[in-house]
Amino acid sequence: MITESPALRARELLSMTRIADAPAEHLAADTGDPLTARVVAHSLLAVQRSLVLLVREMVLAGELPTGVAEGVRSAGRGIGAYATRPAAVA
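Just so we're aligned: the sequence shown equals residues 1 to 90 in the working numbering.
Calculated from the structure, these hints are not laboratory results.
Keep in mind it's a predicted model, so treat the numbers as computed, not measured.
Glycine residues also receive a C-beta, built at the ideal position from the N, C-alpha and C atoms.
Watch out, some of these pointers could steer you wrong.
[Claimed, not checked] Here are the in silico distance ranges between beta carbons for each label pair:
#	residue 1	residue 2	range
1	Leu8	Asp33	31 to 37 angstroms
2	Leu64	Glu25	34 to 40 angstroms
3	Met58	Leu13	31 to 37 angstroms
4	Pro86	Ser50	40 to 46 angstroms
5	Arg85	Arg9	32 to 38 angstroms
6	Ala61	Asp21	29 to 35 angstroms
Construct the complete structure from the given sequences, taking the supplied hints into account.
Below you can see the structure in the form of structure tokens.
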């Protein structure tokens, strides 16, 4: 249904873009680097969007989305060191 509606696709894209704003703000506050924070937040969103589109295509084709978990893990490995900090001590 979403894939066949230009209005729904546009709305989905707008919603996803807005979703990236919150993590970008937090990363910018933590790192002091708003540009990199925005790029990283939107890159994470792009990974999530790609996975949603892949699973959607697989489901519409009648396939089971096996292997998605490993795909998520491998996609996230490249940015694993960005904005890391020690855990807060309670």
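Hint-by-hint comparison with the structure:
Between Leu8 and Asp33 the beta carbons are some 35 angstroms apart, a value that agrees with the proposed interval 31 to 37 angstroms. Our hint of 34 to 40 angstroms for Leu64 and Glu25 holds, since their Cβ atoms are close to 37 angstroms apart. At about 20 angstroms, the beta-carbon gap between Met58 and Leu13 misses the expected band of 31 to 37 angstroms. In this structure the supplied range 40 to 46 angstroms is violated for Pro86 paired with Ser50, their Cβ-Cβ distance being about 31 angstroms.
Our hint of 32 to 38 angstroms for Arg85 and Arg9 holds, since their Cβ atoms are close to 37 angstroms apart. For the hinted restraint 29 to 35 angstroms between Ala61 and Asp21, the CB-CB distance of approximately 33 angstroms keeps it satisfied.
Hints 3 and 4, counting from the list given before, are not met by this structure.
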